[in-house]
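**Q** One letter stands for each residue in the lines below.
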Amino acid sequence: MTRTNDIILRTTTTLIAFILLGFSIYLFFAGHNKPGGGFIGGLMTSAAFVLMYMAYGFRSLQKILPINFRFVIPVGLIIAVATGIGSFIFGEPFLSQTFAYFQLPVLGKTELATALLFDLGVYLTVIGVTMTIILTIANDRGEER
Amino acid sequence: MSNLAALPIILPLLAGIVVAFIHKKTKIVRILSQVISVVNLIAVAWVFLQVQQNGSIILETGGWAAPYGIILVGDLLSMTLVLTTNIIAVACVFFAPQSLSKHQEEYYFYSFFFLLVAGVSGAFLTGDLFNLFVFFEVLLMASYGLIVLGNGKVQLRESIKYVLINLFSSMLFVTTIAFLYSVVGTVNMAQIAVRVQEVEQQGILTTIGILFFFVFATKAAVFPLYYWLPRPYISPNPVVSALFGALLTKVGIYSILRTFTLMFNQDVQLTHTLFIYLAALTMLFGVIGALSTHNVKLIIAYNIIPAVGFMLMGIGIFSEVSISGTIYYLVHDMIIKGALFLLVGALVYVAGTSDLRKMGGLIHHHPVLGWMFFMASLVLAGIPPFSGFIGKLLLLRGGLAQDELMIVIVALISSLLILFSMIRIFIRGFWGEKTENPYPERKRKAAKMAWPVAILLSFSVLLGVGAEWFYPTIQSIAEYLMDPQIYIDSVLKE
Amino acid sequence: MEQILDVTQSLIEYTTLICITGVAASVIILLYRAIKGPTNPDRAVALDIIGINLMALAGLIAILLVTTKFNDVILLIGILLFIGTVALAKFLEKGVIIERDMD
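Residue numbers (this note's numbering), protein chains in the order written: chain B, 1115 to 1259; chain L, 188 to 681; chain Y, 268 to 370.
Some hints could be false.
Distance condition first, Cα-Cα at most 30 Å in a straight line; then the derived DSSO-like pairs of lysine-lysine [to be verified]: (1) Lys1177/B with Lys211/L; (2) Lys289/L with Lys214/L; (3) Lys1177/B with Lys361/Y; (4) Lys632/L with Lys621/L; (5) Lys336/Y with Lys348/L; (6) Lys336/Y with Lys1223/B; (7) Lys1177/B with Lys303/Y; (8) Lys1148/B with Lys336/Y; (9) Lys1177/B with Lys212/L.
Honestly, the hints are just simulated from the structure, not real lab data.
On a predicted model such as this, the values are computed, not experimentally measured, just so you know.
Here chain B stands alone, though its shape is the one from the complex (with noise of 0.2 Å):
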C-alpha cells in the first residue's frame, strides 16, 4: 500500500486561504451597513487558519503564525470596551459612536467610523476564541494517539 500524501490539500491551500482571507476582510468591511461585520469577518479568517492547520500540520503552522491565539482573546475585548469608554471623555452616551468622511490617498473619499474600531475588537475576539477551542480538541486527539 502506498504512502497517502496531501500533495492536492497543500497546493490549492495556498491559493484558496489568500481567498479566504480576502473575503473576510470584505466581510469585515462590509460589516457597516450591509450584511457583514467583525463576528462572521472573524470566522472566515479563523476558517482560512483551520484550513491551513489542515494542510500543513500543528508545528509547522506555529512556525509560520507564531501567535497564541488565547491572548489575542483579551487584546480583542479590550479595543471593544476601550471603544465603549471612549466616548465617556466626550461625554456622551456609553458606546456612543461617530463618524467622518477623510480624502486617503488611495481609496478617495471614505467614510470612517469609530464602529469600525468596536468590530475589530470583535474581530480579534472571535478569531482568538474559535481558534482556541479547535486548537484545543485537535491536541487532545493528537496527545492520546
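Once you've looked at the hints, dock chains L and Y against the given chain B.
**A** Positioned in the frame of chain B, the structure of chains L and Y alone reads:
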C-alpha cells in the same frame, strides 16, 4: 451623568480583561482583583446613594432614544441588588486564595469571576428584554468556565448536566422573546408594559407570561424544575459554589419579579395563584431534600430551594407588603447563602470530609468557625433579630392580609425544618466529644477563611438589627414596583 | 408584449418554487442518509450534498425575492462547506484532523 448606570458593568469587565493578560502572575492578579473589587464596591455604593437621592439613572447606550436603542435602567431595585452582588463578590475574592489551588487560580479564575459579576450586574440593570437574554448568556458563559475549573471527573459530569439545562432554557428564552415580539412589536420593557395593555387578546399574553415564568423558573429552581440544581452547585470549589448559590438563582427570581410586576400583571388571578401553589411545593420539596442527606454541602445546596419558594410566595401574594418582603428576603438570602457556602467550604476543609457522620467535635478546635455557623443557621431560619426574620415577617403579614392561610402554614413549617436541617450540621459537625484534630496544620488557613465570612455575616446582622433603617428604602422599592407607570414614565420620558 | 413579459415573470416564479420544493425534498432524503448511513463515508458525502443543496436554496430564494443580499451568504456556505468536507475527508483517511507533525 447617566453613564453611571453602566459603571457596575464596565468596571468588572475591564478588570476581567486586564487580569486575563497577566493570568500567570498569581500574586499580582490576586492583589489586583482584591483592590479592584473593593474599588468597584465603593463605586457601586456611591451610585446607589445617587440613585436613592435623585431617582433612577437611565442610560441610552449610543445615544439612541428609549424605545429604539438599548437602555440600562439603574433604579433603586437594580442598584440594591447590584450593591449586594458586589458585597458578595468582595467576600469571595478574599476567600478565593485560601481555597483555590495555584493551578485553578492561574486558569483564569479571576477573569471568569469578574465576567460573572459583570453579567449579573448587567442582568439587574438592563431595561431591554433581549439585552436581559444577552446578559444571561454572559453570566452563563462565565459560569461554564467556573464550573469546570479544576476538571475533576465528577465535576465534568455535573457540568454537562448544568450546561445542557441552561442551553435548553436559553433557547426557550429566545423563542419566547420572539413570540412576545410578534405580539407587541418591541423588546423594550417599558414599551412592552405600555403595549400589553392595548393588546386585544389577553389570553396569548398570559401564555407568553407562563412561558417566561418557565424560563426564569428553570434558572431560579422553582418546584418542578429544581432537580438539576443541587449537585452541579456543590461539585466545584466552595468559592464558585458560593457565587452560584448567592447570585445565579437570584437573577432568575429578579427576572420573575421584574417581568411579572411590570409586564404580565393582567391576569393576576391565574398566574399569581399558580405562583403561590408552586411556592408552597418548592418550599416543601427543598426542605425534604435538605433533610434527606448527610452531605454537608448538599444540605446547603438544597436550602437554596425553599428560599426561592419564600421569594416566589411574595410575588404570588402580590401586595405591597409581600413584595417588600420578597425584596428584603432577596437581599438577605444573597448575603447569607454566600456566607453559608463559604462557611461550609471552610468546614469541609478543616474536617477533611463532607460526610456529616464522620465529623464531630470540631468546635473545640475551631470555635470561631463553629459559632459563626450557629449564627448563620439562626439567620437563615429567621430567628429574631436577624435579617431572615424581617423578610419572613413581611411575607407572612402579606399572606395573612390576603387570607392565604395555606401558604403561611407551609412557610412556617418549612422554616422550622430549615432550622432543623441547619442545626443538624451544627450538632453533628461541631458539637460533641472533643476528638483528635484531624488536620492541626490547617488551623491558620481556616482562620484566614473565616474573616471574609465574618464580613458577610456582619452585613446580614446589620440588615436584621438595622431593619428600621433599611425598611423605608425597601418599602419605596415595593411601592415603585406595584405602580409600573413610574417605571414607564421614567424610561420613555413622556 | 406586455402579456409575454407577464408570462415570463410568472414562469420564473413557478420554476423557482418547483425547484425549491425539489431541493428541499432532497435535503430531507439526504438527512435520512446522514443519520442512517451504514458507513461514515456515506454520512460525509450526504453532509456535503446537504451543504450544496443549502447553497442552491439560498440562490433560489434570492431569485424569488429579487435581491443580491444573499450572494455573500452563498459564498459563505460554500467556504464553510469546503472546509468541513476537507476536515471530514481527512478524518476518514487518517483519523486525525490537525496533525502535530507532518513528515
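**Q** Each hint needs a verdict: does it hold in this structure or not?
**A** The hints, checked one at a time:
1. Lys1177/B with Lys211/L: holds, 24 Å
2. Lys289/L with Lys214/L: Roughly 10 Å separates the two Cα atoms, so the pair holds.
3. Lys1177/B with Lys361/Y: holds, 23 Å
4. Lys632/L with Lys621/L: holds, 21 Å
5. Lys336/Y with Lys348/L: At roughly 40 Å apart (the allowed maximum being 30 Å), Lys348/L and Lys336/Y break the hint.
6. Lys336/Y with Lys1223/B: With a Cα-Cα distance of about 25 Å, the restraint between Lys336/Y and Lys1223/B holds, given a limit of 30 Å.
7. Lys1177/B with Lys303/Y: violated, 42 Å
8. Lys1148/B with Lys336/Y: holds, 8 Å
9. Lys1177/B with Lys212/L: holds, 26 Å
The structure is inconsistent with the numbered hints 5, 7, although it conforms to all the rest.
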